[in-house]
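Protein chains in written order, with the UniProt record's numbering: chain U, 1 to 409; chain Z, 1 to 294.
Hints in this document: simulated from the structure, not taken from any laboratory.
Fair warning: there could be bad hints in the mix.
Below, simulated DSSO-like cross-link-like pairs (lysine-lysine); rule was C-alpha separation at most 30 Å, straight line [what the hints assert, rightly or not]: (1) U/K237 to Z/K205; (2) U/K405 to Z/K2; (3) Z/K63 to Z/K225; (4) Z/K15 to U/K404; (5) U/K237 to U/K321; (6) Z/K115 to U/K13; (7) U/K321 to Z/K115; (8) Z/K128 to U/K237; (9) U/K321 to Z/K166; (10) Z/K129 to U/K319; (11) Z/K128 to Z/K166; (12) Z/K129 to U/K321; (13) U/K237 to Z/K63; (14) Z/K63 to U/K14; (15) U/K14 to Z/K26; (16) Z/K128 to Z/K115; (17) U/K404 to Z/K138; (18) Z/K106 to U/K237; (19) U/K132 to U/K84; (20) U/K14 to Z/K110; (21) Z/K15 to U/K405; (22) Z/K63 to Z/K2.
Computed from a predicted model, the values in this text were never measured in an experiment.
Residue-level listing of the chains:
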Amino acid sequence: MLVRCEFLKILRKKSTLIIMAVSLLVTAFLFGLPVLQFQTYNKDGVLKGTKGIAYEKEQFSAVSVLLTNEYITQTVREVQELFKDPNNVGYDGNEQFLIGDAYWNNIAPREKLLNTIASTYAAPGESAGYNKLPDLDITGGGTDFYQAREDKIEKLLNTPSRELSEEQKAFWRKMNSNVEEPFQYGYHEAWTTIISSFELLMFALLAICIVLAPVFSGEYQAGTDAVILSAKYGKTKLPAAKIIASLLFGLLAFTLHIIAAFGIPLAAFGADGWNLPLQAAGTTVPYPYTFLQATLISLGVVYMILIAMISLTLLLSAKMKSPYIVLTVLVPVLFIPIFLSPDGTSGIYNQTLFLLPYRASMPEVSKYISYQFGSFVLDAFYVRTILYAALAVIMLPLAKLGFKKHQVS
Amino acid sequence: MKLQLQHLSKRYGTKYAVNDVSTVLKPGIYGLLGANGAGKTTLMRMICGVLRPASGNIYLNGKTIEDLGQRYYSHLGYMPQDLGFYPDFTAREFMLYMAAVKGLDKKEAKTRTEKLLEMVNLSDVANKKIRSYSGGMKQRLGIAQAELNDPSILVLDEPTAGLDPKERVRFRNLISDFAKEKIVILSTHIVSDVSYIADTILMMKDGRFLLQEPMATVTDCIDGKVWEIVADSREAAEYSRRFSVVNLHHENNMVRLRIIHETSPAAGAFTVPPSLEDLFLYYFGEEAQNERSE
Numbered sequence: 001m002l003v004r005c006e007f008l009k010i011l012r013k014k015s016t017l018i019i020m021a022v023s024l025l026v027t028a029f030l031f032g033l034p035v036l037q038f039q040t041y042n043k044d045g046v047l048k049g050t051k052g053i054a055y056e057k058e059q060f061s062a063v064s065v066l067l068t069n070e071y072i073t074q075t076v077r078e079v080q081e082l083f084k085d086p087n088n089v090g091y092d093g094n095e096q097f098l099i100g101d102a103y104w105n106n107i108a109p110r111e112k113l114l115n116t117i118a119s120t121y122a123a124p125g126e127s128a129g130y131n132k133l134p135d136l137d138i139t140g141g142g143t144d145f146y147q148a149r150e151d152k153i154e155k156l157l158n159t160p161s162r163e164l165s166e167e168q169k170a171f172w173r174k175m176n177s178n179v180e181e182p183f184q185y186g187y188h189e190a191w192t193t194i195i196s197s198f199e200l201l202m203f204a205l206l207a208i209c210i211v212l213a214p215v216f217s218g219e220y221q222a223g224t225d226a227v228i229l230s231a232k233y234g235k236t237k238l239p240a241a242k243i244i245a246s247l248l249f250g251l252l253a254f255t256l257h258i259i260a261a262f263g264i265p266l267a268a269f270g271a272d273g274w275n276l277p278l279q280a281a282g283t284t285v286p287y288p289y290t291f292l293q294a295t296l297i298s299l300g301v302v303y304m305i306l307i308a309m310i311s312l313t314l315l316l317s318a319k320m321k322s323p324y325i326v327l328t329v330l331v332p333v334l335f336i337p338i339f340l341s342p343d344g345t346s347g348i349y350n351q352t353l354f355l356l357p358y359r360a361s362m363p364e365v366s367k368y369i370s371y372q373f374g375s376f377v378l379d380a381f382y383v384r385t386i387l388y389a390a391l392a393v394i395m396l397p398l399a400k401l402g403f404k405k406h407q408v409s
Numbered sequence: 001m002k003l004q005l006q007h008l009s010k011r012y013g014t015k016y017a018v019n020d021v022s023t024v025l026k027p028g029i030y031g032l033l034g035a036n037g038a039g040k041t042t043l044m045r046m047i048c049g050v051l052r053p054a055s056g057n058i059y060l061n062g063k064t065i066e067d068l069g070q071r072y073y074s075h076l077g078y079m080p081q082d083l084g085f086y087p088d089f090t091a092r093e094f095m096l097y098m099a100a101v102k103g104l105d106k107k108e109a110k111t112r113t114e115k116l117l118e119m120v121n122l123s124d125v126a127n128k129k130i131r132s133y134s135g136g137m138k139q140r141l142g143i144a145q146a147e148l149n150d151p152s153i154l155v156l157d158e159p160t161a162g163l164d165p166k167e168r169v170r171f172r173n174l175i176s177d178f179a180k181e182k183i184v185i186l187s188t189h190i191v192s193d194v195s196y197i198a199d200t201i202l203m204m205k206d207g208r209f210l211l212q213e214p215m216a217t218v219t220d221c222i223d224g225k226v227w228e229i230v231a232d233s234r235e236a237a238e239y240s241r242r243f244s245v246v247n248l249h250h251e252n253n254m255v256r257l258r259i260i261h262e263t264s265p266a267a268g269a270f271t272v273p274p275s276l277e278d279l280f281l282y283y284f285g286e287e288a289q290n291e292r293s294e
């Protein structure tokens, strides 16, 4: 009964409806931007919107294949053959590239795949396009794409600036050993859009915190604290009901945002590629997950961040006299990290930054972010989940206690 | 039922808001009188368990209110000074919400809500948002919520503040209706609010009880000390300078003065029966005069 009352109390405020409506629109707009901005090319020029998406899907249908060493060798050979004909080759003073029909008929339809292949052979930190493929030696038995990938991952792990310990390297090697080979390649536009946009959910998170900031402090500000704290359940069931109602509201409101946020790219680009491995988007990703699995795991982490942020909001709300003061703490916690950039993946600064709400919402599956406790190593997903769950477990009882112990003065 | 306050103290900085207050309260209406800043609100907050005393204890039937927890709060009805409301709620919704916080079941909550809204004359506007209510309507809603759980201890802090005389009378009658078999503590600095309905007067000054007396005998201590004298304006000015004048009334060219003094202030002065207001002014003097003029 009390939970229902508190839930309705949150829901029926005009400000709640306005904040949620604005936040939903902002989230929908932000996740809709990649759809609005999507464009691809063919011989005739730029293709935008649904035409562009349909064309892209059609192009990908030809390369939805298993990336075996034989297939890659054959593909590289085809590109090398094209570069052998001087009529096909252009030069911009810096590098060579294919022109005319050679490009439009043979490269354009599978350029993303060719770039993915080429980048696997490039040194860590270097970008490489299809025009690097002629440099590959495929004489003899052809190329061993997966060995090249292993070599690149080894180089990544041993990059001195990463400062990975032997335990951390072993952790990532073990993680990587679970990646199934050969990779299935294919169209996955919606999923890469979603996975690269998780941090945009921070606006939804802030909106929910704004709505919940008055849950306790609003009572102090309105002057209703005295009557409710002197009522039978004012210090017992009521604070618990307020917390449950806030969590319920937060989870429902956030889910609504997720539906809008993920629904737009999925509706526009299609759900194709949900079962493809993450390596289809970046071959050095060490996680053995499909796009759907990675999305769900990242979503789980973001939900934990949400619960912890709600807990922090409620704790501050129970301790502070005005919802506005609550927001002066919350907004910097959520948004200052936006302006901070990591300069690596190790060191206290970087490791802390990757755990702050904004960065923690980014999956960053290709960054090899790990945390070592003694000889025990955990990846960022685990550490973020544990950290935010622990924060919620600590802060929620403190919020309840804060309200219970509140002195009316 | 016995509510015992034992050596209650509360200090803000170096100033005692309540200083070693002790009393035993049994069913009846207690008028808690005192000038602004006397400690009335602080004492009431402590009685209602929303402000922790620095020292001392409150017992209900021999058990501390901390030990009793929600069993104590289920006996309590509180209308604080400057009670806030949820402006987006209607009166009915607010009452039903408060009923839930007070632990009333759904059916009882509805019955009590309708009955009390009727009693405080808000039934007709029960579905209107509280933001549209006048000060008087909010005060009436405040007392209605305090009565929801039919409390045996009813604490009303300045319930008549901001009401016009007609509404104050209506309020007094309401409190009398609610007071049967209850401990009612009614704080005010408007003496007439309690003079009609209180059984006992508790007078506070500087955080302490100055007196705790039944209404019938509360003015006995100043019996024979309240004087009236008729004087011309020059003499009246002189009396005002020399004595504690509690009232001045101009009659034609003369002035009727009401003076509190141990002995006859002048020849021709005669004693009159003391009122509660005289007693209040006797204790609070200029402090209360200033408040009265405000």
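Hint-by-hint comparison with the structure:
no.	hint	verdict
1	U/K237 to Z/K205	violated (38 Å)
2	U/K405 to Z/K2	holds (26 Å)
3	Z/K63 to Z/K225	violated (43 Å)
4	Z/K15 to U/K404	holds (26 Å)
5	U/K237 to U/K321	holds (21 Å)
6	Z/K115 to U/K13	holds (28 Å)
7	U/K321 to Z/K115	violated (35 Å)
8	Z/K128 to U/K237	holds (28 Å)
9	U/K321 to Z/K166	violated (36 Å)
10	Z/K129 to U/K319	holds (29 Å)
11	Z/K128 to Z/K166	holds (23 Å)
12	Z/K129 to U/K321	holds (25 Å)
13	U/K237 to Z/K63	holds (22 Å)
14	Z/K63 to U/K14	violated (45 Å)
15	U/K14 to Z/K26	violated (46 Å)
16	Z/K128 to Z/K115	holds (17 Å)
17	U/K404 to Z/K138	holds (26 Å)
18	Z/K106 to U/K237	holds (16 Å)
19	U/K132 to U/K84	holds (13 Å)
20	U/K14 to Z/K110	holds (26 Å)
21	Z/K15 to U/K405	holds (23 Å)
22	Z/K63 to Z/K2	holds (10 Å)
Violated hints, in rising order: 1, 3, 7, 9, 14 and 15; the structure is consistent with all others.
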